[in-house]
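S.K.: Sequence:
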Amino acid sequence: MKIGRKFSLMAAVAAGVCSAGAAALVPALGLSGATLIIGVAALTMAVVAAVVFPIGYRHDHQTDLLINELTTMAESRRTELIETGSELQDLRTAIQQAMDSLSARAEEAESNLREVEIRHQVSEAERQHIEAILHSLHDAVLVTDAFNELKMANDRAGELLGFRPAEAMHKSIDDIIVDDALRRLIQDERDLATPGHRKHADHAIPSSIPSDDPESQGMCYDVTLTCLPDSRRGVGGVVTILRDVTREREISQMKTDFVSKVSHELRTPLSSINAYIELLLDGEAADEESRQEFYQIIKSEADRLNRLIDNMLNISRIEAGIVKIERTEVDFISASKKAIEVIQPQANLKEISVHLKSSPLACTAMADADMVHQVLLNLLSNAVKYTPEGGRVTVAVENDDATGSVMVTVADTGLGIPPDSLDKVFDKFYRIENYKRVAKGTGLGLSLVKHIVETVHNGHISVTSELGMGSKFRFNIPYDADGA
Numbered sequence: 139m140k141i142g143r144k145f146s147l148m149a150a151v152a153a154g155v156c157s158a159g160a161a162a163l164v165p166a167l168g169l170s171g172a173t174l175i176i177g178v179a180a181l182t183m184a185v186v187a188a189v190v191f192p193i194g195y196r197h198d199h200q201t202d203l204l205i206n207e208l209t210t211m212a213e214s215r216r217t218e219l220i221e222t223g224s225e226l227q228d229l230r231t232a233i234q235q236a237m238d239s240l241s242a243r244a245e246e247a248e249s250n251l252r253e254v255e256i257r258h259q260v261s262e263a264e265r266q267h268i269e270a271i272l273h274s275l276h277d278a279v280l281v282t283d284a285f286n287e288l289k290m291a292n293d294r295a296g297e298l299l300g301f302r303p304a305e306a307m308h309k310s311i312d313d314i315i316v317d318d319a320l321r322r323l324i325q326d327e328r329d330l331a332t333p334g335h336r337k338h339a340d341h342a343i344p345s346s347i348p349s350d351d352p353e354s355q356g357m358c359y360d361v362t363l364t365c366l367p368d369s370r371r372g373v374g375g376v377v378t379i380l381r382d383v384t385r386e387r388e389i390s391q392m393k394t395d396f397v398s399k400v401s402h403e404l405r406t407p408l409s410s411i412n413a414y415i416e417l418l419l420d421g422e423a424a425d426e427e428s429r430q431e432f433y434q435i436i437k438s439e440a441d442r443l444n445r446l447i448d449n450m451l452n453i454s455r456i457e458a459g460i461v462k463i464e465r466t467e468v469d470f471i472s473a474s475k476k477a478i479e480v481i482q483p484q485a486n487l488k489e490i491s492v493h494l495k496s497s498p499l500a501c502t503a504m505a506d507a508d509m510v511h512q513v514l515l516n517l518l519s520n521a522v523k524y525t526p527e528g529g530r531v532t533v534a535v536e537n538d539d540a541t542g543s544v545m546v547t548v549a550d551t552g553l554g555i556p557p558d559s560l561d562k563v564f565d566k567f568y569r570i571e572n573y574k575r576v577a578k579g580t581g582l583g584l585s586l587v588k589h590i591v592e593t594v595h596n597g598h599i600s601v602t603s604e605l606g607m608g609s610k611f612r613f614n615i616p617y618d619a620d621g622a
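Quick note: the sequence shown uses this note's numbering, first residue 139, plus one each step.
Mixed in with the good hints, there may be bad ones.
What the hints assert, rightly or not - Straight-line alpha carbon distances no greater than 30 Å define the calculated BS3-like cross-link-like pairs of lysine-lysine that follow:
1. Lys462 to Lys488
2. Lys488 to Lys475
3. Lys523 to Lys475
4. Lys437 to Lys495
5. Lys393 to Lys562
6. Lys523 to Lys488
What the hints contain is simulated information worked out from the structure, not anything from laboratory work. Note that the coordinates shown come from a computational prediction; the quantities given were computed from them, not determined experimentally.
Model the full structure from these sequences, guided by the hints.
M.R.: Below, the structure written as structure tokens:
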């Protein structure tokens with residue numbers, strides 16, 4: 139079928155060629171149409187036989203080869219396309235998996251980022267909390283790193299050492315701490331200690347160092363230095379805390395002095411009592427008069443011992459804040475008269491006159507009557523003790539509306555108080571050395587007076603004196619219990 143179609147096609151082509159050529163020859167040769175047709179037909183057959191058949195055969199063979207080649211190429215290409223499609227599918231799957239993995243990682247990263255942000259917020263809140271605590275402390279706190287740079291400091295540290303914490307951050311302590319001794323303490327702890335090591339040292343801020351708190355200069359501080367560990371288990375920094383222990387040391391010294399003085403004061407009357415009892419036991423008092431004298435000395439020393447113990451207990455109760463206070467409306471003019479009556483026999487023995495000067499108006503205040511009586515008795519007793527025979531003691535009572543209080547003044551014409559002792563006469567056990575031979579005492583009376591007036595009643599007491607001319611003690615008690 140293929141060959142027939144191809145032959146028909148070739149014959150048609152040849153006939154067409156011959157017909158066209160015959161049409162061009164008819165006029166030129168003058169042949170009839172029939173003759174020409176027969177000739178053309180013969181010529182056509184000859185052309186087909188001579189030219190077209192061989193060409194057609196060669197063309198068919200080449201076409202088959204071409205078709206076979208194209209078919210092979212098409213099959214190969216189809217196979218390649220199929221394989222490529224499979225590869226593309228694999229690639230698509232791989233890309234999708236990568237996208238899914240990236241999406242999961244992105245979600246994880248976003249979650250981690252949120253967690254980091256939350257942790258940062260928590261960390262920031264904790265940092266602010268720690269800073270708030272540090273700044274609220276009265277102790278000075280410094281935190282330095284392994285390079286001696288300041289990482290944290292509270293306001294107290296800045297006030298004490300003379301720098302601004304906000305401006306000093308990340309600066310070397312060599313540039314911000316002027317105190318050489320403190321700087322060496324921090325550096326030595328960093329260089330010589332191990333992580334977690336803690337050291338205590340006493341330190342006084344030199345008065346030559348500029349400070350925003352002048353009162354801190356020359357005061358005693360307990361310095362605590364603690365080494366901070368770093369990631370390599372080395373010393374990563376030092377925390378330095380300076381705690382003011384000046385008052386503690388003063389109290390400790392006062393306790394030591396107190397025990398020493400109490401021991402001495404207790405030993406003196408006890409020694410006297412013991413000595414006279416031994417004399418009595420040994421029969422040294424042969425007559426009744428001597429025995430009565432010894433008895434009187436023993437009683438006097440026992441009374442002195444009792445007063446000493448009472449005064450110590452009263453001062454201790456007041457200082458501890460456990461003293462019982464019964465406030466009533468106290469008439470200070472009447473209270474002064476009562477105290478004068480009690481002290482009058484002692485004054486009469488030395489021919490000392492005791493006078494009361496009072497306001498015509500009532501002088502009353504809310505106070506503890508027994509304590510007011512004790513204050514007046516102590517002041518009058520001291521005035522009589524240290525006033526020579528024939529001297530004078532005056533008590534003045536008046537209202538001081540400017541301060542809203544009752545003012546009481548006890549003046550004498552006695553020995554007077556040396557200027558260097560005026561600020562010490564209210565200290566426990568303090569007695570003027572040159573006056574010890576003049577009169578016996580415990581050195582607690584004026585201390586008790588000051589505690590009663592100032593600690594219990596929110597009042598004030600002061601003293602003025604001139605040697606050889608006498609002394610003047612003045613105290614005031616507020617009208618009401620609140621000290622208004």
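S.K.: Confirm or reject each hint.
M.R.: Hint check results:
1. Lys462 to Lys488: violated (37 Å)
2. Lys488 to Lys475: holds (20 Å)
3. Lys523 to Lys475: Holds, because 19 Å separates the two Cα atoms, which is no more than 30 Å.
4. Lys437 to Lys495: Violated. Lys437 to Lys495 sits at ~35 Å, over the 30 Å cutoff.
5. Lys393 to Lys562: holds (17 Å)
6. Lys523 to Lys488: Within the cut-off at roughly 9 Å; holds.
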